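Q: Going down the list, the protein sequences come from chains A and B. The first sequence maps to residues 28 to 452 in my numbering. The second sequence maps to residues 28 to 452 in my numbering.
Because the hints were derived from the structure by calculation, they are not lab data. Owing to the predicted nature of the structure, the values given are computational and were not obtained by experimental measurement. Errors might be hidden in some of the hints.
What the hints assert, rightly or not - Per label pair, the in silico range of CB-to-CB distance:
#, chain 1, residue 1, chain 2, residue 2, range
1, A, G406, B, A161, 46 to 56 Å
2, B, D154, A, G348, 17 to 27 Å
3, B, E270, A, E71, 43 to 53 Å
As the list claims (entries may be wrong) - To give an idea of the interface, some chain A residues facing chain B are shown, with a C-beta separation under 7 Å as derived from the structure:
#, residue
4, V81
5, L94
6, A286
7, C312
8, A402
9, P404
To be verified - Quick list of in silico lysine-lysine cross-link-like pairs, DSS-like style, CA-CA up to 30 Å:
#, chain 1, residue 1, chain 2, residue 2
10, A, K262, B, K164
11, A, K231, A, K164
12, B, K262, A, K262
13, A, K422, A, K247
14, B, K247, B, K422
15, A, K164, A, K262
16, B, K231, B, K262
17, B, K262, B, K247
18, B, K231, A, K164
C-beta atoms are modelled at their ideal positions from N, C-alpha and C, and glycine is treated no differently.
There are 2 protein chains.
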Amino acid sequence: MAKPSVVRAAYWIETPYEPARAAEAMAGEQSTGTFIAVPGETDEVRERSAARIVSVRQSEVVRQPSLPGAATPIGHDGNYHRCEVVLEFPYANFGPSIPNLLATVAGNLYELQEFSGIRLMDLDLPDEFAAAYAGPKFGVAGTRRLAGVQDRPIIGTIVKPSVGLTIEELRAVVRGLAEAGLDFIKDDELNASPLFAPFEHKVKAVMEEIERASERTGRKTMYAFNITGEIDELKRRHDLVAESGGTCVMVSVQSIGLAGLAHLNRYSELPIHGHRNQWGMMTRCPMLGMSFTAYQKLCRLAGADHLHVNALNSKFYESNGSVIRSVQAIREPLLGGYEAMPVLSSGQSAAMVEDTYRELGTCDLLHVAGGGIMAHPDGPGAGVLSMKQAWEAAKLGVSAAAYAESHPELRRALEKFGGRQQGGK
Amino acid sequence: MAKPSVVRAAYWIETPYEPARAAEAMAGEQSTGTFIAVPGETDEVRERSAARIVSVRQSEVVRQPSLPGAATPIGHDGNYHRCEVVLEFPYANFGPSIPNLLATVAGNLYELQEFSGIRLMDLDLPDEFAAAYAGPKFGVAGTRRLAGVQDRPIIGTIVKPSVGLTIEELRAVVRGLAEAGLDFIKDDELNASPLFAPFEHKVKAVMEEIERASERTGRKTMYAFNITGEIDELKRRHDLVAESGGTCVMVSVQSIGLAGLAHLNRYSELPIHGHRNQWGMMTRCPMLGMSFTAYQKLCRLAGADHLHVNALNSKFYESNGSVIRSVQAIREPLLGGYEAMPVLSSGQSAAMVEDTYRELGTCDLLHVAGGGIMAHPDGPGAGVLSMKQAWEAAKLGVSAAAYAESHPELRRALEKFGGRQQGGK
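Extracted from the complex, chain A is given alone in its bound form (with noise of 0.2 Å):
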């Protein structure tokens, strides 16, 4: 008989609890037990759902809880353990449902006073979710033949400022940058139907422009409309972009949650670039919530072709090593496929080109400058070619500096962005 699948799920923990009693609260909880005994937990019940613990390796013991409402076991000796608990819960208690998933390997477990400290670290799911997840329609590949850009990364922009422009004030920035031959256009994540613009007139004006600009360069920018909206308004709106020849859409991820991710790549037509605003919230106390390492492999089996990374030297508090970390889990494979595109953004310039290519070592990336292209002293479409400029010194193996003494718009852009990635933290 073949053995029942399972989810695995790996945690960090904190506990005022010796290890093993805080695993098997967590798999108690998340499972066929709660705070007491109760009838009917019996032995077929507990062979058929409860979750197991796979290994318990605690990593240190720390004096302070991390956060507050641990509880104080009696005769507690003021030790919070650190630990490393893997557990396994059957497939067959959820079935292949993220929504159902996340209540189980997510949910109230986070608020239980046996820790003061708890984060998922990674899933590993059955084959079962990709039967019932389609995943990323277009991935790198899809991505970059609608672009027309192979060999190098997708080279982007954010539409700045990013809430307050009219359809005309839009209009005109558009105009600069798809005529500069920008590949990539996103609208950010504050803009996606203000009453002052709203998203029918952007779409109308911004697929004129782009239109028209490819009627000149003979490419076609690629745009990332914001649908944002309710599960309805996704629907139209997607739509709408898809009839009027768009070839991009944006989401929020957590705005529509997992689910509306999901119902979306159920008819999408289009690349869907995800944006992981919110995401920080569940994230960046080291002791709560969730690793990227996870939430990513949801969000691609949910079908995000596109999903943002934050980038090295950002504006943003993530260390250069969780971005790798954060890139280098996108690309790899998920039950064997669902591949999808690290976008790196926020901060970028073309200053900050030479080291994202040897950190990471690959160009499978849309690389995102919203300000280093905007705020280039000559211009936007000077902060094109700028980009463009310090991606072929990385793969020649030129550093930028050199490149930049025979090219002229990387020069301005290191001359204006190069101090930035000294600064900061």
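Once you've looked at the hints, dock chain B against the given chain A.
A: Then chain B, alone, in the frame of chain A:
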């Protein structure tokens, strides 16, 4: 001219920068600014869309950052300033859209280096949201009508074991509880549609038992079927429950997203029981995430008729003070309405009732005891009676101990569960 509508958002921040500068970073990043000045951020754009700092009030200075990754400003004196910051965002930037509101008030700002702590404490929304979101269709009054309970809390239980029962085992549990005259039964959040007890079979078996018991008791137990699933499943499952004569559906709000909840609420014909599992991830770190005060407003707008708040003396980390504030927040009218029913659940039994009534001073509650009913020493029927007796005593102003002298089910419950409230934290 009428003043343009705004959303007011209150935050608790911790920052290594001067508080005013940190507040400017928040306002800038979440409206018209970015890390560097860009052309196009004109006075008109700012007038239309810039967020406004209403107030910055410093409360304390600490020497250690709460969260990692904050910048070290040049010349930093080692102080981290904790402040309340109130911002106003132009409503026109996002319109009456919870998904887009979230990207603005709770988006990328959690990741900014300017902060070593940032938490959304409250939201004040303009009336336009009321026109866009119908909110709960049943609330307290409608739920009471359907459950046939006035003048005391609706008393409920969770089917335990949480997961693992076959349909026939579940049938026996439901029969016992419905025949005991229980007002309300809910699925556990772990239990939506296990492979060994699929949703469709569950609805059939449960409703047969509930209808049969109601013929004898004259009362129809409300059963909250956990319909959590993908967007299309929500509709199919809701419709099946409604067609089968069921009177409540339950969802894991974080699993389906607020957008999923609002979508369900557009067609739902039954009270929506909102379970907040996964919420701990967003709130347990005191210097990150979101307060329940803000979150519950969004849940009510999106249509939750019932909303979990943990409970007094629960098995969770949350303090009683925090639970009391949560109940008060839900009972506060929102935009003139959006009445919802607080659900007390976790570690509950008849032994918790006296404290609960004293602290909350209301019976407009759904009081759910899982183990406290199912594990009553004389069985679930006696568990139900013990809860009713405890609430009778509380309303009469008689102590539970005194009332127990003439009420054996209550006495036995106090004997078994009465010690728990002294334990824990």
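Q: If a hint holds in the structure, say so; if it doesn't, say that too.
A: Here is what the structure says about each hint:
| no. | hint | in the structure |
| --- | --- | --- |
| 1 | A:G406 x B:A161: 46 to 56 Å | 48 Å, holds |
| 2 | B:D154 x A:G348: 17 to 27 Å | 47 Å, violated |
| 3 | B:E270 x A:E71: 43 to 53 Å | 32 Å, violated |
| 4 | V81 | 19 Å, violated |
| 5 | L94 | 6 Å, holds |
| 6 | A286 | 5 Å, holds |
| 7 | C312 | 4 Å, holds |
| 8 | A402 | 5 Å, holds |
| 9 | P404 | 11 Å, violated |
| 10 | A:K262 x B:K164 | 25 Å, holds |
| 11 | A:K231 x A:K164 | 25 Å, holds |
| 12 | B:K262 x A:K262 | 16 Å, holds |
| 13 | A:K422 x A:K247 | 24 Å, holds |
| 14 | B:K247 x B:K422 | 24 Å, holds |
| 15 | A:K164 x A:K262 | 17 Å, holds |
| 16 | B:K231 x B:K262 | 17 Å, holds |
| 17 | B:K262 x B:K247 | 24 Å, holds |
| 18 | B:K231 x A:K164 | 38 Å, violated |
Hint compliance for this structure: hints 2, 3, 4, 9 and 18 are broken, all remaining hints hold.
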